[in-house]
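A.B. asks: Using this note's numbering, the first residue of the sequence shown is number 4, and each one after it goes up by one.
Source of the hints: derived by calculation from the structure; they are not laboratory data. Be aware that one or more of the hints could be misleading.
[What the hints assert, rightly or not] Pair ranges (Cβ atoms, derived): (1) V103 x A332: 43 to 49 Å; (2) G321 x S21: 28 to 34 Å; (3) S27 x A329: 44 to 50 Å; (4) L310 x A418: 46 to 52 Å; (5) I255 x L168: 47 to 53 Å; (6) I58 x P312: 34 to 40 Å; (7) L319 x A413: 44 to 50 Å; (8) T85 x P231: 36 to 42 Å; (9) P231 x T199: 32 to 38 Å; (10) T81 x R214: 21 to 27 Å; (11) T199 x L310: 47 to 53 Å; (12) A108 x P312: 29 to 35 Å; (13) G321 x R198: 48 to 54 Å; (14) N30 x I227: 15 to 21 Å.
Only a predicted model underlies this, so the values are computations on that prediction, with no experimental measurement involved. Here a beta-carbon is modelled for each residue, glycine too, at the ideal position from N, C-alpha and C.
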Amino acid sequence: MRTAPGVRRSRRLAWGISDQALSSATNFAVGVVVARSVSPLDFGAFSLVFALFAIAVSLSRAVATEPFLVRFSATPATLSSTAARGAAGTALVLGVVVGVLGALASFLLPEEVRPVLLALSLCLPGLLVQDAWRQIFFGLGRGHSALVNDLVWLLAMVPLVALALGSGETSSTRLVLAWGAAATAAALVGGWQLRTAPQPGATAAWLRTHRDLWPRFAGESILIAGAPQLYAITVAAFAGLVAAGQIRLVLIVLGPVHVLIQGIGLVALPEGVRALARGRRQLTVHAVLVSGLIAGGALAWGALVMLTPADWWTWLAGAGWVAAAAILAPMSLHQILNGANTGAHVGLRAMQAAQRSLRTRVATSCLLVAAPTTAVALGEGVLGAAWALAGAALVNTVVWWIQYARTVAAHRATALAGRT
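Start from the sequences and build out the full structure, keeping to the hints where you can.
C.D. replies: Right, here's the structure in full:
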């Protein structure tokens, strides 16, 4: 019996959330193991290097795999297979280039950072290829394969980490090597799963063919990562480090929402592309569903945290939660509204409206930084900053959906013009 499209879509969504939960749990476990096994100074070096890894992954997705998801999630298997080799090859080349630059830069940094950055640089090609296969699996509608590949990474990492912990003096360098070597093994398994291999020689052609997408995707990636850091800095400058720490602590407690966003995000774009292939109305239904799922999840988790005894969160998050809890309501609202605009962003990506999406991201990111900065500059404190973030998220949601509606109208006009 043929499975209904909605059922297949729900299954792929479940695979996305499950895979992201596994990936997040793995990264969390790595952080805990490193924190418990090395000195505070060594852990600080690890934290810096892990942040650099996150930037490299964001750049790789923008340049390599997001163009693949936009252009090939609804194409015949022969085309998508060729494109998968090009996307993975681009990720591999990017990993080598960034790895070499990181290795060279390590000699300009303090001695405490140098060995762990060299370890990351060595492992970066494997790390980026593994992430590329993961994204490609979802583009091909094979979320279960992505979950299996992340499980391979975890299973390979356990003995390697145990070996690093049992080989005398433990260091973050050895643990990063174990983590990266396991990712490289998973990358090799990913190629076997797809019966293909990265094609680094196709990188130049890939960049040239998709130059209308990847520079704008990369710009958005920088803004998405940079805006929260900027408003954290301005809040700290005007209201103090304690205020910035309170915002960060609440976001940590609301962390499961981030897992939901990432999990749905793995599936949302390729499913959006497939929905558009069936029609603009189907894309709009998909966009609304994505926003509803994320906003609803954020609402449910925020309500759960608010209704849970405060002593529980004080035990879990520390004494700082007593003061930070005052901004829980506006920060929860901020996440709910951010979830409400996610579907519109996915819709713009699915319609390949990269330029409009980047312009919208610039405007909304500026507001996201300006609103809390203005609040703390006027002496409203961290509570004022939190409500300003919620207000900015409300405005941004309206802006994103207006831009989505305009893009749909332009897409319809282009289609009509093509028929005449």
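A.B. asks: All hints are to be evaluated individually against the structure, with a verdict given for each.
C.D. replies: Now for the hints, and whether the structure bears them out:
no.	hint	verdict
1	V103 x A332: 43 to 49 Å	holds (47 Å)
2	G321 x S21: 28 to 34 Å	holds (30 Å)
3	S27 x A329: 44 to 50 Å	violated (27 Å)
4	L310 x A418: 46 to 52 Å	holds (48 Å)
5	I255 x L168: 47 to 53 Å	violated (26 Å)
6	I58 x P312: 34 to 40 Å	holds (38 Å)
7	L319 x A413: 44 to 50 Å	holds (48 Å)
8	T85 x P231: 36 to 42 Å	holds (37 Å)
9	P231 x T199: 32 to 38 Å	holds (37 Å)
10	T81 x R214: 21 to 27 Å	holds (24 Å)
11	T199 x L310: 47 to 53 Å	holds (49 Å)
12	A108 x P312: 29 to 35 Å	violated (47 Å)
13	G321 x R198: 48 to 54 Å	holds (49 Å)
14	N30 x I227: 15 to 21 Å	holds (18 Å)
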